[in-house]
Structure formats: C-alpha cells, structure tokens
Amino acid sequence: MYYGKGTKVTIMSNVAALIKPGIAGVNFVDFQRDYDTGIGPEKMPGAFVNDIDEVKTLVVKDIVKNTLQLGIVCWTRAEEGESLWTKLNTFVQAIITKIRTDPSLSNQAYSAVVTRIGTDSGSRYPVGIAVIIVQVVYFSTV
Amino acid sequence: MNRRDALAALQSILSTIAEVKTVVRSYVPIDITSYAEAAFPLIELQEPDETPDSEMTSMRQIAFLEVATKVWFITWGENPTATYESLVKAIRNKIGANFNLNNTATGCWVINVTKVEGEMPLFHFDILLRLKYYLALQDA
Chain A
45 MYYGKGTKVT IMSNVAALIK PGIAGVNFVD FQRDYDTGIG PEKMPGAFVN
95 DIDEVKTLVV KDIVKNTLQL GIVCWTRAEE GESLWTKLNT FVQAIITKIR
145 TDPSLSNQAY SAVVTRIGTD SGSRYPVGIA VIIVQVVYFS TV
Chain B
519 MNRRDALAAL QSILSTIAEV KTVVRSYVPI DITSYAEAAF PLIELQEPDE
569 TPDSEMTSMR QIAFLEVATK VWFITWGENP TATYESLVKA IRNKIGANFN
619 LNNTATGCWV INVTKVEGEM PLFHFDILLR LKYYLALQDA
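Sequence lines, in order, name chains A and B. Throughout the first sequence, residue numbering follows my numbering, covering 45 to 186 in sequence. Throughout the second sequence, residue numbering follows my numbering, covering 519 to 658 in sequence.
So that you can see chain A by itself, here it is in the shape it has in the complex (with noise of 0.2 Å):
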C-alpha cells in the first residue's frame, strides 16, 4: 500500500534528512529557515529547504489532496585546484539521486519528482549555488 499520508513538516524534515547524513560529506542542512549570520565555510556543502508553494484540493469530505512545492538551496565552494562544476554537479546529482530512489520520502508523500533545477551560473565563485525544485503530492486530512 502506497498513502502518501504525512504532514509538511515531517515530509520537509525527511527530504533534508536525504541529504544530511544521507549524503556523505555535507556539512550542513536546515529547513524553514533563514540564516541572517550567513553561511561560513564550516557549512559547506549545505543546502536549505524551504516551501515555496503549496496547493491544497479537496478529494473528498475529509481528504485533500497537497501538492507541495519545494526549493532546495545547495551550495558548496572549490579549494585550489578543483573543479567547482564538478563539485557542484555532483552535489545536485546526489540529491536527486535521494529523491529519485525515496520519491515516498519515508512512506509520507505520494509522489516526489524534480521540477527544475537552476545555478548560480558561476557569479559567485568559488562557491556555487543551486536550486532545485521538488514537487510533492501527499494527502491530509486537513
């Protein structure tokens, strides 16, 4: 049996759990939430993840229908002598390569796909930004 019968919170707190332990070597992860002291090299790799949207359709009295969508900030920097392409590819590779493996994030969603992904394009070297968007349906009571 597939549900797909969790809540925003778990179904955020289980998508930065994919990438923080589930990815090795990131450093830090968070969700719903900004850091106004930013972001020092101790938090590299990283990745914030924070609603965007979200819809709600009534399926029945006491179903609905939430299609979720979610931004992923990830970034990371390259130390002399690396590739920040490369690190940051395989960065973004990594998580949706979680996603894609888990798209029930832990028996909560029904479905979990990636809508679009976009960079920073280089304008912040060394460090390098991404976002990626995540489209979620799971179902509620309420």
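A couple of the hints might just be wrong.
Distance condition first, Cα-Cα at most 25 Å in a straight line; then the derived DMTMM-like pairs of lysine to aspartate or glutamate [stated by the list, open to error]:
hint, chain 1, residue 1, chain 2, residue 2
1, B, Lys588, A, Asp106
2, A, Lys105, B, Glu596
3, B, Lys588, B, Glu565
Bear in mind the hints are in silico, worked out from the structure with no lab data behind them. Since the model is a prediction, treat every value here as computed from it, not as a measurement.
For this one, chain A is given, so just place chain B on it according to the hints.
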C-alpha cells in the same frame, strides 16, 4: 408497479451489497466532496428518464427506466483495477439475484459498464441499468 417503488427497491437492494457503504438517490449530480472517506464505496443513483411503451399481445402499458448509477470508490493502492472489478462483480451479482427488484419491476438489466476513471485516491465508473415494469394503471 410504478416508478417510485421500483427505484426505491433498487436503492434498497444495492444497499445490501457488502462492499458498498452508501447509496444515494439524486436529482442533480452530487457534490462528492461533501462525503467522508468512511462513506465509500458510494453508489449515486441519478434520477432516470422514463420511456413509455406497450406490448401488442396484451396492450398493457409498460415503462422503461434507464438508470445511470455512478459508483465512487477510494483506493490507496497503486492500481484501482482490483477494487473496480470486485465492485462491478458485486453489483452485477446483486442485480442478477434480484432481477425483479422485490417484485416492483418486471426486470432489471445491466446494459453497460464504463471503464474506471479518476485519479488516486478517488475513482469512479458508471453502470447503466434498464428497468422494465408494467404500469399499475393498465393492470386494472
């Protein structure tokens, strides 16, 4: 025999199907979002048109009702086919075993079953029934 009794008997008989939780008669399409998950599977009996006719041998007036029943069900499985098939079988069996609708009609036939439609978790399909009964007025 009359329309009112035949339709009431049909609703009553369909209500006795073990797999079905709710049977609703409606004059307009129902708002499915007003029903909770516990009410499903749900059969919606839409109020039918009536077609009068006569049989030459007796000149008795007869009427046909074509009743569109919409069957709604919820399944959390990845594929609704198993639930769809078991509901179709249960409804066909029940109609077949109660062919004259507790003597309120001459006959009741399943004449069409549509394919299942919808998206997880709510699906629906239609079963078209034809009821035939002699009008009470002509029995006298």
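Going through the hints against the structure:
no.	hint	verdict
1	Lys588/B - Asp106/A	20 Å, holds
2	Lys105/A - Glu596/B	22 Å, holds
3	Lys588/B - Glu565/B	11 Å, holds
In summary, the structure agrees with every hint in the numbered list given earlier.
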